[in-house]
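Colleague: The lines below spell out each chain.
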Amino acid sequence: MSDRLSVLKTYKLYVGGKFPRSESGRVYEVTDSKAKWLANAPLSSRKDARDAVVAARKAFGAWSGATAYNRGQILYRVAEMLEGRRDQFVREVADAEGLSKSKAAVVVDATVDRWVWYAGWTDKIAQVVGGGNPVAGPYFNLSSPEPTGVVAILAPQESSFLGLVSVLAPVIATGNTAVVVASEKSPLPALSLAEVLATSDLPGGVVNVLSGRTAEIATPLAAHQDVNAIDLAGADTDDGLAKELEIAATDNLKRVLRPQPVDYTETPGIDRMTAFLETKTVWHPTGSLGASGSSY
Amino acid sequence: MAFEYAPAPESRSIVDIAPSYGLFIDGEFVEAADGKVFKTVSPSTEEVLSEVGQAGAEDVDRAVKAARKAFEKWSALPGSERAKYLFRIARIIQERARELAVLETLDNGKPIKETRDADLPLVAAHFFYYAGWADKLEHAGFGAAPRPLGVAGQVIPWNFPLLMLAWKIAPALATGNTVVLKPAETTPLSALFFADICRQAGLPKGVVNILPGYGDTGASLVAHPDVNKVAFTGSTAVGKEIAKTVAGTRKKLTLELGGKGANIVFDDAPIDQAVEGIVNGIFFNQGQVCCAGSRLLVQESVQEELLDALKRRLSTLRLGDPLDKNTDIGAINSAEQLSRISSLVEQGEAEGAERWSPACELPSSGYWFAPTLFTNVTQAHRIARDEIFGPVLSVLSFRTPDEAVAKANNTPYGLSAGIWTEKGSRILAVANKLRAGVIWSNTFNKFDPTSPFGGYKESGFGREGGRHGLEAYLDV
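Line order of the protein sequences matches chains A and B. Those letters in the first sequence? Residues 1 to 296, per the working numbering, in order. Those letters in the second sequence? Residues 1 to 476, per the working numbering, in order.
Since the hints were made in silico from the structure, they are not lab data. Note that the structure is a prediction, hence the values are computed from the model and not measured. Watch out, some of these pointers could steer you wrong.
Straight-line C-alpha distance at most 30 Å; calculated DSS-like pairs for lysine-lysine [stated by the list, open to error]:
no., chain 1, residue 1, chain 2, residue 2
1, A, Lys124, B, Lys311
2, A, Lys124, B, Lys69
3, B, Lys69, A, Lys58
4, B, Lys433, B, Lys407
5, A, Lys124, B, Lys433
6, B, Lys136, B, Lys240
7, B, Lys205, A, Lys47
8, A, Lys58, B, Lys407
9, B, Lys113, A, Lys243
10, B, Lys113, B, Lys240
11, B, Lys65, A, Lys243
12, B, Lys69, B, Lys84
13, B, Lys446, A, Lys58
14, B, Lys65, A, Lys47
15, B, Lys433, A, Lys18
16, B, Lys423, A, Lys124
17, B, Lys205, A, Lys243
18, A, Lys124, A, Lys243
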């Protein structure tokens with residue numbers, strides 16, 4: 001066997017389609033379940049969080065304006081790219097979550113399948129939750145879902161890969177852009193996912209990935225005036241933090257998805273998509289043909 | 001030149017207002033635990049209409065307990081039975097519509113034309129609509145057996161007292177929740193008459209509880225630990241306070257808050273229709289409407305023509321006795337609201353905007369404000385940014401559709417917008433880009449129980465009306 005020394009990867013953040021280090025220059029040690037050193041991950045600062053929000057806002061117009069079909073194609077492409085890197089993710093998930101290779105493989109397969117599931121939703125959700133309303137008058141009245149905007153996501157702490165994708169994919173499937181705070185203890189699968197996203201035709205800034213202390217990064221995100229919503233999934237182990245963030249989020253009335261028990265291995269419902277959708281209702285007069293004084 | 005009209009007052013003898021009312025808890029009118037009362041006055045005359053019990057924290061607790069007790073049976077009723085109660089309520093409202101319209105006009109100050117032709121028909125329609133949902137919830141797209149949440153604490157404003165009650169109570173009851181509702185302190189009467197309608201409909205006691213009171217009553221209600229759902233319509237500032245109160249709890253929250261709606265008129269718009277729409281957008285209910293079109297964005301090339309036509313039209317509006325069937329503009333709801341409007345208008349002048357009102361004689365008693373229009377308004381002016389909640393229109397101009405969209409969206413609010421143009425593709429393109437929950441093209445201020453209503457951004461979250469409106473009261 002070879003005694004070649006392997007090349008280690010420097011894990012970096014993913015912001016605006018680029019892979020910067022933390023502007024603070026800080027890193028923290030990431031270890032596996034047996035406390036063995038895996039890597040030094042960037043320890044993001046509040047400035048990194050703000051930069052990520054700027055990138056997400058910049059990407060929102062084009063991503064929310066893309067056709068649903070196009071978004072579906074890109075999400076499916078993510079699944080394709082992930083499949084090709086299956087072995088890498090099995091290894092990273094096994095290390096991150098202390099799983100055997102075979103159990104980690106089950107998790108990675110489920111994660112790929114989740115991307116496929118949400119890829120198929122992009123051009124269906126509008127028909128499921130929107131539609132025409134039979135108002136009592138000469139109007140064509142249509143309700144359509146629209147993305148809320150920039151969504152901050154605290155990814156689940158334990159399920160570092162399947163959980164992450166289960167909260168991220170529904171947000172971007174509908175046209176939102178995201179700033180994701182990776183699992184604090186196990187950020188490596190999230191940072192590697194960024195490399196997949198960067199090579200899947202996903203426009204830069206649609207997803208931004210930060211690693212570090214959840215509380216430190218989440219606090220400025222929850223209070224940020226240009227963030228429209230926040231998913232508190234990753235604050236489920238800390239009721240005090242979740243409450244603090246929810247209070248900070250009221251300042252510009254962010255939509256808040258509170259932490260709740262979720263079995264990420266189950267097929268999801270549509271609630272993680274609808275949590276970050278607005279309903280727009282447009283009235284159009286119809287008038288009546290030929291009637292005198294008609295508005296036609 | 002306005003035509004002279006002979007007075008045509010609607011008779012107030014159709015409504016019998018008692019000298020005093022209690023709180024409605026567990027199917028009965030009771031006094032507040034601490035015996036507190038407050039007076040409600042008619043804003044058009046300052047006449048005291050009645051004295052009403054003022055609920056305190058102890059009463060809130062009593063009402064929530066009654067609602068909790070009633071929840072068990074009410075939520076277990078077959079949906080078809082709940083539906084029939086709601087159908088009954090809808091019918092009784094229709095039967096008593098004129099009485100309630102007169103009552104609402106007296107207590108609120110808005111013209112009888114509006115309560116009779118808009119508020120009351122919409123109230124009845126709302127109950128009728130949600131009645132039909134009660135036994136069809138499994139088809140609503142919220143799962144096979146969606147469950148109610150429990151006790152709903154609901155706080156409503158004074159601008160559409162009975163209509164806002166309907167928007168809150170109808171979907172809550174249809175889905176199997178029970179409610180404790182606090183009407184606004186300046187308009188408690190129609191909610192108390194609604195309590196009597198619940199009695200006539202034979203609604204089980206405790207299903208609907210009505211607690212008149214001020215902001216502190218509402219605050220205790222939304223903070224009560226045994227409330228499962230909070231629904232609020234009112235100002236953005238109070239909405240944020242409520243969101244803070246429920247943070248960290250399991251209470252479900254929906255908020256319908258303020259707005260600064262843009263009414264966008266393009267150069268190809270039919271001017272006369274647009275003028276009617278602008279008038280309706282900002283002077284309906286004296287502009288005391290969260291979705292009012294309070295910012296007029298007009299394309300520069302037609303600004304002069306439009307403003308001339310608009311000023312001509314405003315000169316024909318009739319302001320005065322709200323009970324007169326010919327009245328277009330009624331009274332401002334309260335002295336407090338009048339002073340808020342006056343102070344923002346003064347600030348508009350101080351900041352350099354140009355103020356204009358038609359010649360308009362104001363009655364000597366009551367709370368009145370003449371229809372007002374501001375030109376030379378910039379986006380930085382307070383009157384272009386803050387919700388005035390009065391008959392005050394700020395006029396801004398634009399050159400290109402992109403500029404119109406950018407200006408329309410340049411607000412923390414996102415409730416409503418209007419688009420006036422003859423070009424269909426422009427309507428759709430602009431509607432697509434506006435960040436607002438309700439958009440009216442070539443019309444304004446249209447409402448319907450089947451049509452979801454609610455805001456983007458700081459105008460709140462959740463939708464009222466339609467299938468969407470059920471979600472706020474279901475465990476989904």
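Colleague: Would you mind marking each hint as holding or not holding in the structure?
Modeller: Evaluation of the provided hints:
At most 30 Å may separate the alpha-carbon atoms for a hinted pair to count; lysine 124 (chain A) and lysine 311 (chain B) exceed this at roughly 48 Å. Straight-line distance between C-alpha atoms of lysine 124 (chain A) and lysine 69 (chain B) comes to about 42 Å, which puts the hinted pair past the 30 Å bound. For the given pair, lysine 69 (chain B) sits about 52 Å from lysine 58 (chain A) by alpha-carbon distance, which is inconsistent with the 30 Å threshold. A distance of roughly 12 Å separates the Cα atoms of lysine 433 (chain B) and lysine 407 (chain B); the hinted pair therefore holds under the 30 Å criterion.
At most 30 Å may separate the alpha-carbon atoms for a hinted pair to count; lysine 124 (chain A) and lysine 433 (chain B) meet this at roughly 21 Å. With a CA separation close to 34 Å, the supplied pair lysine 136 (chain B) and lysine 240 (chain B) exceeds the 30 Å bound. At most 30 Å may separate the alpha-carbon atoms for a hinted pair to count; lysine 205 (chain B) and lysine 47 (chain A) exceed this at roughly 56 Å. Between lysine 58 (chain A) and lysine 407 (chain B) the CA atoms are separated by roughly 18 Å; this keeps the pair inside 30 Å, and the hint holds.
For the suggested pair lysine 113 (chain B) and lysine 243 (chain A), the alpha carbons sit about 47 Å apart, so the restraint of at most 30 Å is broken. For the hint pairing lysine 113 (chain B) with lysine 240 (chain B), the CA-to-CA distance comes to about 34 Å; that exceeds 30 Å, so the pair is violated. With a C-alpha separation of about 26 Å, the suggested pair lysine 65 (chain B) and lysine 243 (chain A) falls inside the 30 Å cut-off, and the hint holds. Taking the CA atoms of lysine 69 (chain B) and lysine 84 (chain B), the gap is about 21 Å. The hint holds against a cut of 30 Å.
Proximity of lysine 446 (chain B) to lysine 58 (chain A) is assessed by CA-CA distance (about 34 Å); at most 30 Å being required, the pair is judged violated. Distance restraint check for lysine 65 (chain B) and lysine 47 (chain A): the Cα-Cα separation of roughly 49 Å exceeds the 30 Å cut-off, and the hinted pair is therefore not satisfied. Only pairs whose Cα atoms come within 30 Å are accepted, and lysine 433 (chain B) paired with lysine 18 (chain A) is accepted, the gap being roughly 28 Å. Annotation: proposed proximity of lysine 423 (chain B) to lysine 124 (chain A) holds, straight-line Cα distance about 29 Å (limit 30 Å).
With a CA separation close to 36 Å, the supplied pair lysine 205 (chain B) and lysine 243 (chain A) exceeds the 30 Å bound. Between the alpha carbons of lysine 124 (chain A) and lysine 243 (chain A) the distance comes to roughly 34 Å, so the proposed pair goes past 30 Å and is violated.
Hints 1, 2, 3, 6, 7, 9, 10, 13, 14, 17, 18 from the list above are not met by this structure, while the remaining hints are.
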